Every structure is written in structure tokens, then in C-alpha cells.
Amino acid sequence: MRRLLALGCALLSLSAHASDLVKDVRARLVDAPLVRGRFEQKKTVTGFKKPLVSKGDFLLARDQGVLWNTRTPFASTLTLTRKSLSAEQGQGGAAYHLDSTKEPALAAVNELLFALLAGDVTTLQKRFKVEGALVGPAGWRLELTPTDAGLARVFKHIQLEGDGYVRQVRMEETRGDVSVILFDQLTRTPPPDATETERLGK
Amino acid sequence: MANRLAILWALVVLAVGVHQVHFWRAARLDTDVLALLPEDEQAPEVDAATRKLADEAGRQVVLLVGAKDWASAQQVADEATRALARASDVLEPAVVDTSALDLAVDFYRPYRDRLLTPAQRQWLTRATPEELGGTALMKLYQPAGARMTDWNADPLGLWPDWWQARAAETSARPRDGRLWLSGEGREWVLLTWKSKVSAFALGDGARVTAAVEQARARVEAAVPGARLVASGVPLYAEAAAAQASWEMSTIGLGSLAAVLILVWLTFRSLRPILLVGVSLALGCAVALSVTALVFDRVHLLTLVFGASLVGVAEDYGFHYFAARQGKAPSERGPVMRSLLPGMALALVTSVVAYLALGVAPFPGLRQMAVFSAAGLTAAFLTVVCWFPSLDRGTLPVTAFSARFSASITRWPRITSTRGWWLTGAAVAALVAVGLWKLEPQDDLRQLQGAPANLIADQRELGRLLGLPSPAQFFLVEGDSDEQVLAREAVLKQRLDALVAERVFAGYRAVSDWLPSQAQQREDAALSARAEARAVAAVSESTGEAPTRAAFAEEPLTPSRFLAGPAAATIRQQWLGTLGARQYSVLMLRGLNDPQQLPRLEEATRGLEGIRWVDKTAEISGLLGRYRRIMGGLIVAGYVAVLLMLGTRFGRQAWRAWLPSVLGTLITLALFGWVGAPLQLFTVLGLVLLLGMGVDYGIFLLEHPGDGAAWLAVALAGVSTLLSFGLLALSATPALRSFGLAMLLGEVTIWILTPCFRLPPKKATP
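Going line by line, the protein sequences match chains B and S.
According to full-length UniProt numbering, the first sequence holds residues 1 to 202 in order.
According to full-length UniProt numbering, the second sequence holds residues 1 to 765 in order.
Simulated from the structure, these hints should not be mistaken for lab results.
Note that this is a predicted model, so its numbers are computed, not measured.
It is possible that part of the hints are untrue.
Said to hold, decoys possible - Residues of chain B clear of chain S, computed beta-carbon distances all greater than 10 Å:
1. S76
2. R141
3. T145
4. P190
Claimed, not checked - Distance condition first, Cα-Cα at most 27 Å in a straight line; then the derived BS3-like pairs of lysine-lysine:
5. B:K23 x B:K156
6. B:K126 x B:K49
7. B:K83 x S:K615
8. S:K68 x B:K126
9. S:K492 x S:K615
10. B:K156 x B:K126
Ideal placement from N, C-alpha and C gives every residue a C-beta, glycine not left out.
Produce the entire structure from the sequences given, and follow the hints as far as they go.
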């Protein structure tokens, strides 16, 4: 197995152009420890004719994690922390929980989602080749290509657009599925309530 | 006649010379400790399993480089890599082929539906349709995840879990383009290198070890508290070769120097030195050639042990020159003829004793037996065939030898007086108490002479990496592949309970990678049922009609699996057909507590075709069994030797016999008094003692009252003592205890033998 794992892990090369672009984008982003907002996700999945659309709200607490509450077409919650990924459905009792402390591959995906929502370009740079441009007086657009073999197995490209916040994420998976997530009504308040704090503490 | 023998022997020597040139050109030396271990008498399949598991590693050097945090761990890993890369003439990084995992994933893809983990099997069996549907929907709508297939080929997202369970067989995980693990207070990077050299010649300079040590120094200098842990067959081989080189030269040259100095002191002439030197050189050369011809490969420890031959094979030369000293050159022939019966008898007892070592089924021991017996015979033949022809000049008696020869008359002689009886009783009491205190020990570790730091590193590495132990495993047997895999599955259910209790960390089984066909059918049906519900729930929710993907019609068969890219990971555990049966090995990880071993043995209770193999316990058992067998053999040997001596010496035979018996008993008693354990190798030393100790008695009885015989015995005793005493310096505990037994026994016998000599009046014929 050691061999397979060794094989599965190609050497990571840091993006050579940790250039001005990254610095500029970071300058345009609001440095917020907490972001709330609504999302609309359109996922094009092989085997489905129409895109799968889901809507809901989310909370990003930079040091704790992400709560992703889907409201339609069905209610479910996804909790993403540094330690785990867990999902629960209101009715039906379906739930799953993945511990990522022992599985860096899962931890890497968690970290990626964090970084994508927060526009954490420095972290993204570790695993992606970062290209893009500034748009207008306040906007920017980034094109990410994975350099990490593990991520390259999952993602082909990721596009990120925004201004002070990340406004749109487009993830193109290696197997052909494409997800586009749009964010709006973004605010920096209120802080997490008791239920949310408990979920993030998992 | 004598000339013809000399020529004949010269031809043999010539042939050996040619063979020696060949041998050293392509030195086929064995450094593997495993080669010393006994073959399993009852179960050749256990042997096959052990060997296959050991072959796996081969040239690999595995390193863990660790520091307090991940960033420094990566930094020191780079330091280590740079240092190792500098030794590119002996080391190369193990090739990282990124396509192999993809190939394995593609290989398994058509069989995805029949690959389930035990937890999944449980969940799919008890989950409600709502739960299945809900899970499928959540995973479908999840913003990102590590999916490995199209949605319809794995609607419940089961497959990544199955792969994760396979990855759990080791604790190393890919992280930031490296293999990472966390443990014992540090973050570690796993590095795998391969040695480019296959054979490890003597005195070659431990180049792989040097490179690893350099890397270790760099790592420790770069970040405070950083560590490098390394293990691998090449490191062991180099340590063994270096150790053997040193021991061979110490023992061999040490006893050679002693022999030559003794010869010089006694005879003050160059000729005896040269001739004794020739007999020793030929003895060693013939010994090596015969061993190489009989065994194909010669083990390093054979050579170390063989170096002690120098101190034994010189006896015949000593006897000749001691008897010849002060006589006219024309008397060479008669001198040799008068010596021949005693020398032949001594040779026979020694050779028989050496060959008796080979009774135990330890290949290494058999080599040592053949080596020594051949060497002794060759030295004997050299003396008998060549010495009378080559030793032409005069050889006057020297002052040293005259004084020494005369010393026999002053040596105490045991007579039937009150004082001697009291001494005898006191010795008997001390011996009895010593014997009573004697503790047997049959620990496998007596065979392991590797440096402690290598063993410590290997333990730490195994612990951190969670590597399976090659010494304890389950051997699964069946009529067919299918039966073997099915039996593994039954065993695994019992083991899962022990894993849950943390008796050990986990296991590695062929059936995890290749489930039995019955299991595949069952799991395929289970996943088909559950996924149909999941797909139904998703189509209801989305208003679309997705269809579940189709999978392979045929089950994954052993032949397909073995031809595929995933087989490499588990191949050494699939023994295949041995005789008419099929075998596989199920290995355990994280088995650190020896007290838990009985529970594992218990796990096989009532299961057919499954055997718990504890190699360590088995070899210890074997060592103990042969310790007792060889002990019995010694008793029988002494009876046989007494009978043999009786045919030649009649009623006086006990005089040659008793010193050896006493020497053996006193040695054992000394071991008991100082608390040294009684091991198989101690007993083997005593076997050899039986063959050699008697020699002194034989010579003194053959030539009663003859100062020359005493001189020869004294010289032979001192040199034998030295060579076996030097063996006690060996790093291999087995050789050490062997040497110690010989040393103590020889001293005692050597002191005692003249005490039992014939009284003067009987001595004069």
C-alpha cells in the first residue's frame, strides 16, 4: 500500500508567479473574520439533463469553519471544520460524518472550500497555478489550475470572481461535472449564535 | 607411497586453489540472519510464507524524518534528501510513479459495486430507504467532494471510503506532495530509497550506512529536536559485513599470531612456522571451498566461526614438530608413523563432534560444521602427506621446549589420597550447586547480532508506520482460491472484534483487495438494492430519470487480479499453490503487546484451514528442543567416546575421558554460578568440547611419559583457548556463548588432563 500511496502523491510545485496579481487581489478583498450570505448553486452532473439547483445560506467563520445550509430543494446542513466534514438532513435521519484529522486528502478539500469562500489566495496558491486579472476599479477574476496530484484527480479548473467578497465560484471537475455557486446578500454580521457555535465546535 | 600421497594431496590443493580464485571473484556471501534460521520441519508452507515476506523489502531503505511541526519536518526532509542524493553511486530514490494509483483505480472501476467495507456492508443492510435517498441527495448537492466516478456509478459515494480503508493499511498519507504521518510527538515525512548495490562484500565500507548517517547528521543540525529513523535490509547487511570483517580478522589473525609466536618460542626455527602456517592456510582454503561447493552460498557467520579453526587445526603440526624435535632428519618417517594412530583418533573425534553440530536443522550451523570438519581434515592431511617430505633439516631441542616438556613431571597427579578425595568432594558439591542454579534460555535474540541502534530504529519505524510484523501472522489454507478467500473473510470477522478492543491496530489481507466470489456476489446484490433506492429517491426529487451504471458481469477473479496493477501491493501475501493446496498470509499491524498473542491464537479456534504462526515462539521452541536433544547427544557421545577409547586404551581409557566430562560439568556449573543462561549454543560448544577435549587425553595416553606429547598438548591447548576465547568477542550472542563455553571447558580440561596421566611406573613400558 505504501507504494500505491507514494504513487498517488506527486510532488507539488509551488506556483512560480506569486506575483503582483495575488497582492492586488488580496488588497481588493475585505479582510473579514466572518461572512454571512445566501448562495445559489447550479451543478451540472452527468446523467442529469437539467442543472441541479440548490439554494440556501451560509456562514463562514474564518477560524472555525463553514456552515452550509441548503433550503431548497430539500433542507440539509453541511458543517465543515478543520477537523471534519459532516452532513445532516432534517427529516429521514440521513447523516454522514468524515474525520479529516487523519486523512490529509479530505483535509485538503476542506481547506480548499474554506479558501475558495474566503478568497484566501495565499492558501490557494499552494495547490494551484493562479492566473487572472483585475476587473474594473474594484473587481477581479482568478483562474486556478491544480498543481497538486490529489486535487488534479478531482478538479480540472476553478474560476473565482469577486470584489471585496468572493461573488462567484465555478468548479469544473475532472469527470465533467461543473458547479457554479453565486453568492449575494453578503454581510459581516451577526456573529454565530449558540446553535451555530455548537455546530462549528464539532 | 608417502611421495605418491604427497603428490595426490598437491593435486587436490591445486584444484582448491583454482576454486578459491573463482570464489573470491564472485563472492557469494550471505549476510541475511534469516539464512541462519532453521527450516521448518513440519510446515514447509510456513517457511515459504516467511521467506516471501522477507524478500519483499530486499534493497529498500525506508526513512522517516521528523520534527515538531510540519513545516520543519518538510525542511529536514529536504535536507535528508539532499544528503542522500549525494551518495548517488549507492542509493537512488524509489521511483514514484503517479500513474499506478490511477491504473489501480481504473482496474477496479468495473467491480466497484462489489467492493464494500465491513462498515458499509452493515450500513447498507440496516439503512432505511429514506436514509439512503437522503444521503444520496446530500452527496449529490454537496458543493465539493472527492468523487472518483460519475455520479450514476456510485450514487451513495461509497467508493472513496473503500479506498480510504485500503489506505488505512499504513499510517502514511499524501500531504502537500509528500508522504506524511504524525506520531510520538512529531510530524514525519516518509522517504523511500533503494540501494543500487546488491551484494555486500567484506570490508567494502558501509556506504549506504554512511550516507544515512550523513543525512542523520544534517537533519539533526538543521532543526533542533529533529530526528531521522532509518531501516532496511541494506543497512543490516552492511552492519553484518563490517562486523564479520572485524571479527574474522580479530579471531583469525589473533589466533594465527598466537600460534606462530608459540611455534617460534618452542622451536626457534623458521621451518616449523612456515609449515604450520601452510597447514593452516590449506585447512582454511579447503574448508571454504568445500563449504561453497556443498552449500552454494557461504554465510558470513560461518566465516567468523571458521576463523576459530586456526586455533584447532594447528594441533597436528604441533604434535609432529614436538615429537620430531631433537631427532635426526632420517627419523621423520618413523616419527610420523608413531604419531599417526593418535592423530587419526583425535581427528576422528573432533570431526565427529563438529559434524554433530549439524544435527540441529540450522543451515548456518551445518555450514559451520562442514567448514570446520573439512578444514580440520585438510590440515591433518597436509601434516601427514607433506611434512615428512618438506621438513628436511635438523631441529634441535630448544631450552624453552626442554623446560616445558619437563614440567609434566611436576604437574599434580590425582592419586587415591584423602586430600584428593576431599578436593573431589568439594568440587562435586560446587558443581552440583552450579548445575542446580543453571537456567535455560531459548530466546530467538541469541541469533541476532545486529547493532542495537539498528534494531531500535527498526522498531520505531514499524511502530510509527504501523507496518505489519513479519514474525507473527495467520496462514490461511484451502482447496481453492475461493476457499482461501472465504476463510480469510471468516477470520477477519473475528479479528474485527479484537481490533475494536485495540488488541492490535489492523490487518492486511488479500481478501480486502480481492474478495471471494461469494462475497462479491453478495456485496454486488446489496449495493444494487441500496443504490436502486438511492437513484429512485434522487429521480423523485429532481424529476429526472437517472440510471445506475452497469458493472462487470463477471466477478473479479484471482487470475485477473494478479495480472492487474493492484496486485503488487499484496502479492507477497498470496502464496498461491504449494503442493496441492492454496495458501495466503494475513498480516497484523500494531501488534505490540506480546501478552496478547494467546488471544490471537484463540481467534483461530474452530476455524478450519487457519493457522496462527508465531515465528518467534516457534524458533524459540525449536532452540529449546534442540538444546535438549543436543544435551542428550552429549551424554550419548561421552558413552560412545568411552567405548572407543576403551578399544584402544583398555582399562586406562577413563584417564583420557574423565577430564572432558569434568570440564563439561565444571563449565556448566560456572555458567550456573555466574547466572549465564544455558542456550542451545552453549550446549553446542560443549559438543565440540567433547570432541576436542578428549584429544589431549588421547595424546598423553598414546605417548605416556613423553615430554614431547605434553609439549604438543600444551601448545595446542593454548592456541585453541585463544581462538575460542576470541570467539567470545563476537557481537553475535550465539557465537559468544559458544566461545565462552569452549573457553571455560578447554581451560578446565587442559588443566585436568595431565592430572589424570598414568603413574610413572606404568608409564615406562
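Hint-by-hint comparison with the structure:
With a minimum CB-CB distance of about 5 Å to chain S, B:S76 fails to clear the 10 Å threshold, and the non-interface call is violated. Listed as outside the interface, B:R141 is consistent with that label: its C-beta sits roughly 20 Å from the nearest C-beta of chain S, beyond the 10 Å cut-off. No beta-carbon of chain S comes within 10 Å of the beta-carbon of B:T145; the shortest separation is about 16 Å. Here B:P190 stays apart from chain S, with its beta-carbon at least about 24 Å from theirs, past the 10 Å limit.
With a C-alpha separation of about 24 Å, the suggested pair B:K23 and B:K156 falls inside the 27 Å cut-off, and the hint holds. Restraint check: the Cα-Cα separation between B:K126 and B:K49 comes to about 35 Å, which exceeds 27 Å; the hinted pair is violated. Between B:K83 and S:K615, the direct Cα distance comes to roughly 41 Å. Violation of the 27 Å bound is thereby established for this hinted pair. This hinted pair checks out: S:K68 and B:K126 have alpha carbons roughly 21 Å apart, not beyond 27 Å.
Our distance criterion of 27 Å between C-alpha atoms is met by S:K492 and S:K615, whose separation comes to about 21 Å. A threshold of 27 Å between alpha carbons decides the hint, and for B:K156 with B:K126 the separation of about 16 Å falls inside it, so the pair holds.
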